[in-house]
Amino acid sequence: MLCCQGWAVSAHAEDLAAVEMARTRFEEGVTYFDAQRYEEARAAFLQAYALKPHPTILLNLGLSELHGGHYLEAAGHLADYLREAPEDAPERSTAEQGLKEARARLSELRLTAPGDEGEIYVDGTSVGRLPLLQPLFLTPGVHRVRLRRGSDSVVEEVYAVAGAVHSLTLALPSESDVQRLAPTSHVAQIDPLPTDSAPPAGPTDAPAAYPSFGSWLFSSPAGTTGLVLTGTGLALGIAGTIVATERYDSAEDATRTIEDAAAAQGRGGTICAGGTSSLPQFQNACGERQRRLDQGDTWRALAIGGYVGAAVIAAGTVAYYFLAAPSSEPRDTVARTPRPRVVPIATPHVQGLSVIGTF
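In this note's numbering, the protein residues as written are 2 to 360.
Hints may be right or wrong, so weigh each one.
[Claimed, not checked] Calculated lysine to aspartate or glutamate pairs in the EDC-like style (CA-CA distance at most 20 Å, straight line):
no.	residue 1	residue 2
1	Lys101	Glu88
2	Lys101	Glu118
3	Lys101	Asp81
4	Lys101	Glu85
[Said to hold, decoys possible] Computed Cβ-Cβ distance ranges for the label pairs, DEER-style:
no.	residue 1	residue 2	range
5	Val166	Leu324	26 to 36 Å
6	Glu28	Pro141	30 to 40 Å
7	Ala274	Pro222	53 to 63 Å
8	Glu260	Ser221	56 to 66 Å
These aren't lab readings, by the way, just hints derived from the structure by calculation.
Quick caveat: nothing in here was measured; it's all calculated off a predicted structure.
Backbone N, C-alpha and C define an ideal beta-carbon position, used for all residues, glycine too.
Using the sequences and the hints given, assemble the complete structure.
Written out as structure tokens, the structure reads:
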């Protein structure tokens with residue numbers, strides 16, 4: 002169900018051109034959604050929301066992402082809608098049902114921290130400061146959750162299970178614990194920073210634990226897809242080789258039969274020229290021989306294609322495994338790294354690009 006309720010616009014407070022453009026993109030998004038073109042609907046609603054933030058657009062954006070398989074983004078946008086929309090909004094039940102469907106495919110993490118302040122990072126990417134305004138959703142798998150407060154930080158590893166709710170407490174070492182750590186001759190003394198100095202960056206996250214190739218191959222969508230396609234290519238290659246060999250052998254038997262019949266009639270030389278013969282009594286036999294040869298060529302080509310395809314897919318799967326492994330480079334910074342998204346705007350009157358993000 003897509004909610005198409007409009008919104009009231011205060012003409013004296015907003016740029017009419019931006020509002021009209023947002024309305025146009027919103028209507029395009031509705032059209033795309035009705036046609037089940039969810040990726041295009043998502044892009045249109047993103048542009049509309051960047052131009053005119055409104056709960057109705059946020060709801061439709063979340064529903065488009067839900068139907069398009071972007072469950073993490075859908076959960077965030079639907080949760081935002083439920084937080085911003087009025088309690089008596091008629092579309093709240095739709096948003097609640099959509100959020101329920103998204104949460105069934107995700108894991109919810111409930112964070113607590115003494116003092117309830119600091120920056121939260123998930124797998125090296127900032128997700129906001131405590132207290133978080135919405136639930137923290139995670140895709141199934143292993144994640145590293147980090148709390149940074151000034152120059153101090155603590156990291157915990159969480160194994161997220163789809164449909165589950167996890168609780169995690171992140172506690173930084175207290176000052177008294179730090180004072181009890183007496184320096185030794187093997188520990189360098191660090192002078193305190195001046196009060197007007199910026200706090201140094203905390204320790205970066207180590208690379209996330211990555212499954213072995215065998216585990217990844219059978220557990221990840223990319224791995225299982227590569228395995229299935231590689232097996233399909235090998236099966237096609239083996240089947241093509243067997244059938245091509247049988248067809249060539251059958252054509253060879255036909256050749257011997259034709260030659261024996263020609264010898265019995267006192268004829269020599271070339272009896273079959275391609276798929277025909279100059280002798281009427283051998284034309285059908287020569288045609289059948291050529292048909293078997295053609296079938297052998299076809300199956301041989303399929304076999305070669307299967308083997309080559311299997312090799313390419315197998316190599317691509319292995320390459321993707323190493324490319325998808327967590328980088329060993331530091332991924333955190335003291336400040337939140339902007340993550341802009343550039344999406345096109347194309348209407349009968351305006352063409353261009355819109356940049357959406359938090360800065």
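| task | Hints the structure violates: just list their numbers, smallest first. | result | 2
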